[in-house]
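Peer 1: Throw the hints in and build the complete structure from the sequences for me.
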Amino acid sequence: MDHSEDRISQVPGASAEKKLPPIPKGATVRRRPVPSSPVASTSSARRIHVSAKTPFRSVTARVRKQLDKYLRQSASSRATFTNKLSQKKNASLENRIRRIQEQSQNTTTGGLGLGLENSGEVLVIGTGRAIQKVTEVALFFQKQPDCIVQLRTGSVAVVDDVISHDDDSGFGEDVTERARMMSSLEASIRLR
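Each residue of the sequence shown is one higher than the last, beginning at 157 in our numbering.
Hint data in this document are derived by calculation from the structure and do not stem from the laboratory.
Keep in mind that a hint or two might mislead.
Derived pair list, reagent style DSS-like, types lysine-lysine, alpha-carbon separation capped at 25 Å [to be verified]:
#1 221 - 209
#2 299 - 225
#3 299 - 209
#4 175 - 225
#5 174 - 225
#6 289 - 209
#7 221 - 289
#8 289 - 299
Peer 2: Following this line, the structure appears as structure tokens:
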């Protein structure tokens with residue numbers, strides 16, 4: 157009796173996944189593009205999809221450009237918000253200062269109460285061979301003193317077309333779809 161299969165099935169989280177069927181002789185596989193997840197309705201998270209051939213310097217330049225844009229937007233919004241807090245005409249100077257300090261100590265939104273602290277996030281996403289490029293970019297920004305980097309792993313289901321050429325019938329090709337899982341890595345980069 158083989159008890160090794162019983163032990164594997166008893167391990168929580170372990171599943172006996174079946175391998176994909178072999179590709180028939182003379183058939184070719186046409187890979188479809190990786191489906192990207194739907195873009196969020198807000199522009200708070202900029203997504204940069206990376207391939208294995210994407211130049212490292214261009215990715216870092218795009219991320220830094222987007223982070224600088226978020227920093228400029230955040231600074232102008234903070235100044236406007238602080239001016240609105242301090243513009244109560246009837247309040248004394250002490251009351252205006254106290255109100256600004258109360259807002260700046262608000263821990264639920266962190267900081268000035270604007271909710272802008274998490275808005276400057278740039279997501280660098282790669283699948284398959286591009287995972288190495290994403291890790292290189294994440295390591296580069298982790299060494300920067302003004303950036304916080306978080307990595308998230310995942311899997312993406314992709315569909316391939318298996319095209320078998322029928323020489324017998326002479327009518328052409330038989331196309332079948334085949335789903336497979338592909339590893340993905342997402343690096344979240346934001347300012348401190």
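Peer 1: Residue 289 and residue 209 were given as a pair; does the straight-line alpha-carbon distance stay at or below 25 Å?
Peer 2: holds, 9 Å
Peer 1: Would you mind confirming whether the straight-line C-alpha gap from residue 221 to residue 209 stays at or under 25 Å?
Peer 2: Within the cut-off at roughly 21 Å; holds.
Peer 1: Are the Cα atoms of residue 174 and residue 225 separated by 25 Å or less?
Peer 2: violated, 47 Å
Peer 1: Quick one, are residue 289 and residue 299 close enough, alpha carbons at most 25 Å?
Peer 2: This hinted pair holds, its Cα atoms lying about 16 Å apart.
Peer 1: Would you mind confirming whether the straight-line C-alpha gap from residue 299 to residue 225 stays at or under 25 Å?
Peer 2: Given that 25 Å is the threshold and the Cα spacing comes to 20 Å, the pair holds.
Peer 1: Taking only the CA atoms, is the gap from residue 175 to residue 225 under or equal to 25 Å?
Peer 2: violated, 46 Å
Peer 1: If you draw a straight line from the CA of residue 299 to the CA of residue 209, is it 25 Å or shorter?
Peer 2: Judged against 25 Å, a Cα distance of about 23 Å means the pair holds.
Peer 1: Measure nothing beyond the straight line between the CA atoms of residue 221 and residue 289; if it is 25 Å or shorter, mark the hint as holding.
Peer 2: holds, 19 Å
In summary, the numbered hints that this structure violates are 4 and 5.
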